[in-house]
Every structure is written in structure tokens, then in C-alpha cells.
Amino acid sequence: MMEQRVEAPAGQKLELRRDVTVWGSYMWGYADVGADIYAALGIVIAAAMGMAPLAFAAAGLIYVMIGLAFTELASSYPVAGGGHYYSLRGLGDFWGFVAGIALLLDYTIDIGLFAVAATGYINFFIPAIREYRVSWGPFKNINPLWCLEAIVAILALRALNVRGVRESSRFNEILGAFDLVIESSIIFTGFLFAWQPQLLAYQWKFQAPTLSQFLYGSSLAIISFVGLESISQAAQETRRPATIIPRTSLTLIFTVLIYALSFSTLSLGVLPWQEIAVREGDPIAALASHIPYIGVVAGPLTAALGATILLTSSNSGVMGDSRLIFSMSHFRLVSKWFNKVHPKYHTPTNAIVGFGWVGIVLTIFAFLTPRALDTLGNLYAFGATLGYTLVFISLIRLRFRDPYSPRPYKVPGNINWKRRDGSIVQVPVMGFIGMLGVFSIWLTVMITHDIGRIFGPLWIVACVIYYVVFRRRNGLPVFGSVKHDWEKEQVDVLTSAEEYEMVEQYKEALVKRDKQWGVKSRWEETTEHA
Amino acid sequence: MPERRSVPPPEKVTWADRYRLGLGVLMVALGITILIRCIAAGIITLPAMLMSAAFVAFGVYRLYVGVVRYRQYVRRQGGGRDSA
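First to last, the sequence lines map onto chains E and L. With this note's numbering, letter number 512 in the first sequence gets 512, and the count goes up by one each step, no holes. Adding 530 to a residue's 1-based position in the second sequence gives its number in this note's numbering.
Isolated chain E, as found in the complex (with noise of 0.2 Å):
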């Protein structure tokens, strides 16, 4: 199930085009996306009480939306830098360094975040460890032994990556899968056999949050929404992505989503919400394990299972991080340091383990207060939140920019508008709604967490300046743009995506732009019409 590859950044050669199905790129991201509710359910529930199922419908409103955009942008620019890359492309060097740093913070805390919650659902088979409770000093409340378990599975996911080896799509099939059997098993039966609507109704009446939990947790749901990128990676090693993506990525948006909502609706409709909050780290486990007939085993199963998703999900963050880092570096946004590559296994080293211990300390960090899962949730959703702001702002913009390449899916609710040249741009609606909404989600993060406002801005500045130093020292301009012949590449790309009839159909609009302008156009030559 395992192979040994090297990556390759966006806009680089792109020879890691492998033949996933529609079944592979499905479950490829559903391995990504559908893992995360076995992390988020318990801190949610914490927060949001007997609303929780609101919560997370509020929450993925906004990612139904984000996650449209994502489609429409992988299927039309089908490389893997995902928000980065739209960004670049969308508004410039700048703002897709500034994307490029959101989201990796996203995958360093995606790395220290799914290590805890994975070894959380470990600990469901040794309850003495999560129950172990010290107080060192001002450190009150902490358990140091399942910050050792998450270290420990940091530690090994990193030497994977350094030495190459990453699970196939096989693997992720697989997997997903399974999970996909387990979850919806346990939602079938549950909803069948315990599922109460007297107790979801009392909880949903009397258990609710003051609006400042509320927002808080709708806040927090989102990180059962994450991985959205990973469709942009599917993107980059789908053949033929502009017929395969639209069709997988919405059926799983929607899956996500209405398995989120199942979960937390069954819950409270099986326990009170203050049972689940106590278990946060193996929530799913703990709610299976109330489960009549199958209980005894699907209990231990989804703990079983979970632990594994969620390492994947792990793993994820860490292959992110230098992957996105690479490709940062490939459009000079960050030193070619991070390009280092090991030199017996190909693989960029410093980034990997540059960013597994910045994944580490994050987490011991977390572990410094009493409740590790709700701290690193909490910084995840300040990167994502402003890294799905700027997706929005770049689909909008590439919209007016690019028109010329074909989109083989559009995010509904458009409108017609004419430009001055004569040219109709369709203005995305859905694109302005869901950039005030995921930016209401910034703001609450802003005013609700405590630690997130703290710290997110803090990473941002500091990478900032990092960056105005690099840029300055390598006579880059800093806020304008290093010039880039995306023409060119988005040619490269799509036949490179073997999407002949999409880069035909590009260069006859470029040919016609060029027309209009009253240029000679160096594409005329090369399309099979000139």
C-alpha cells in the first residue's frame, strides 16, 4: 500500500498525473475531509451544548459555499498549491504569500491537532492515560502523557515523509471506505435503535449556549470542514480533472456535511452533551459505544479507526506543509532553503522537519493548557478562516483577470456584466456571499478566541516581515509581483491534465482577446482552428 515518490510543487514539471477514479479522487478526499468529525465533535459539543447540530450547520453553510469555490478552481487551475496558487494568481506575490502562511499554519497545526486527536481515540483502550491529570506550577489541569503519545507520533510521521513514503490512493481508498461503512453504521443504527428525540428536544430547549459560546463553537466547527485543499491535490494527480472533480468534490462536500450534522444531532439525541464534552478526545467512540447490539464492538472499532484516519489526517498536514513550502519557494516567496532536498531520498527534508517541530511545540504548547484538542482548534481556525477569505477574494478577482480560461464548473448565482471592451464577465454572487461569511467567521475567531487573536496575527507579522526582509535582500519588489507567464503555464498545466479540448478552447480565447487588442498573437500559430 505504500510507494515511494517525489514531490513536485505547482508549476513545476507536472508528471504526477496518475490515474485516480472518480471512486479514488472521491475517497481520496473523504479520507481528508471526512476525518475531522472524530476531532471536532467533542470540543464543539463543549462549546455549543444543546445547539451544537446549529453550530455546525452555520459552520457548513460557509464550507458548502468555500467548497464550490474549490471546485471551480481546481477544475479550472488543476494544480495542488490550492489557496496559495489562486491566490498568487488572483492578487499576486503578496497575497498568495499571505494565503501560502495561513495555510501553513493550517498544516503545521493540522499535524500537532490530528496527533492528539488520533492518539486521543488510542487512549480510548488505555483510559488511564486519559484520565491522568498533574498540575505543575501555574500549569494546572494538564495530562503530560498524552502529550508524549501525540510527540511520539509526530516524531514518527516525520521520519516517513523524510525517507518518502506516503500511503497510496489505494491506501486512501481503502480507508476512506471503511470509514465511510463504519460512520454510516453507526448513524443507521443509532438514529434506529438510541437516538431519543424527547432528549435532543430538552437538550436543544433548556442546554443552550450564551451567543458568545454559540459563536464560539459554530467557530470551531469548521475544523470539521478541513482538507477542502485536498481537491486541489486531486486535482494536480487526476487525469482529465475538469470532468472528474466537479462531480466528486460536490457529492463529497455533501457528504461531509450531512454526516457532521448526522453526528451531532444522534448525539444528543443519545447523551447528554456534557458526556460527550468529557470525552473529546474519542468522542465517536464514546457515542458508538452507546450504540444497543453493535455498542461492544463498534465502540473499540471506531476508536480503532479513528486513530488511524486521524494519523492519515496527520500525515496530511506534515506532506502539506512541504509541499506548499516548495512551492512558495518555486514562486520566490520564501528562501530556497526550503527546497533542500535529502540526498538519498529526494524528499525536501528541511521542511519537513523544520515544520514537525514547529508542529511539536505547538503542541506541548497546547498541552500547557487544560484542554490541548479545544487550544489547537482554536488557532486552526484563525489560518483557515483568513486563508478561505482570500480563496474567495481570488475567485472573485480571477474572474475579471482570467477570463479566458475555461471553467468546467462555475459556483452558482451569477450575473452578466459587461466590461468596457465589450467582454462579459460573469460575476460570481455565491463568491461575495461566501467571502462575507467565512470573513464573519475570521471576525468571531477574532473576538471569541482567545488564544487564536493572539497568536494568528502574531505568525502572520512575523512571517510578513520575514518576508519584506527576503524580498528586499534578493531585489524582489515586496508588495508588486515577480513577472509570471501564466499563459504559458496554465498551457503546460492542462496538458499536462491531458485536457486537450480545455487548452484548445483557452488558446482560442486568448487568440481573440489578442484580436481585440489589435496584437499579433503568439498563440494563433498554435491552435488547431488558426
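Hints in this document: simulated from the structure, not taken from any laboratory. All of these numbers come straight from a predicted model, not from anything done at the bench. C-beta atoms are modelled at their ideal positions from N, C-alpha and C, and glycine is treated no differently. Do not take every clue at face value.
[As the list claims (entries may be wrong)] Just the calculated beta-carbon pair ranges, DEER-fashion:
1) L:R601 with E:V297: 35 to 43 Å
2) E:E275 with L:A570: 19 to 27 Å
3) L:V598 with E:S440: 34 to 42 Å
4) L:I566 with E:Y345: 56 to 64 Å
5) E:A304 with L:V598: 32 to 40 Å
6) E:A304 with L:Y594: 30 to 38 Å
7) E:R513 with L:P539: 32 to 40 Å
8) L:A571 with E:P300: 27 to 35 Å
9) L:A571 with E:A304: 33 to 41 Å
10) L:V598 with E:R401: 31 to 39 Å
11) E:S481 with L:V598: 41 to 49 Å
12) L:V604 with E:E275: 47 to 55 Å
The hints should help you fit chain L onto chain E, whose structure is shown.
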């Protein structure tokens, strides 16, 4: 500019297709069951109604996609039966 393009017709009916169809049927059934249980208990809450509607809608969507794909497959086979 081209709009969303359709996926090529399936070459065979796989276990994944059967699983998706089965899950679609179960989702519709579950959505209706949740609704019936709420009505029987005399309790209507927003999350329960939302879940019920979501399961029915998503289940129907999956069934619709499954049926369309199966028709494409049958057409591709020239009207032949599922051989998988």
C-alpha cells in the same frame, strides 16, 4: 466558455455503484424514520427536521444520479443487461 461537462458513461457496474445506490435507499428510509419518530413522540425540533429533510434530499439525489448512470451504462451496452 464551456459549462460543466458530463462524466463518460460507466464501462461496468461496480460494487461502489451498488453501495452508493444502497446508501441512497437507506438515507431516504432513515430520513422518513426520523420524521415518523419525531411525529410519534409529538416533538418537532429544528435539528431533527433538518436531518430528516437532508437525508431524504441527499438520498433522492444519490438515487437519481445512480439511475442516470445506470441508464447510460445500459445505453452503452446497447440495451444489454448488467454483466458485472
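**Q.** Hint check against the structure, violated hint numbers in rising order
**A.** none
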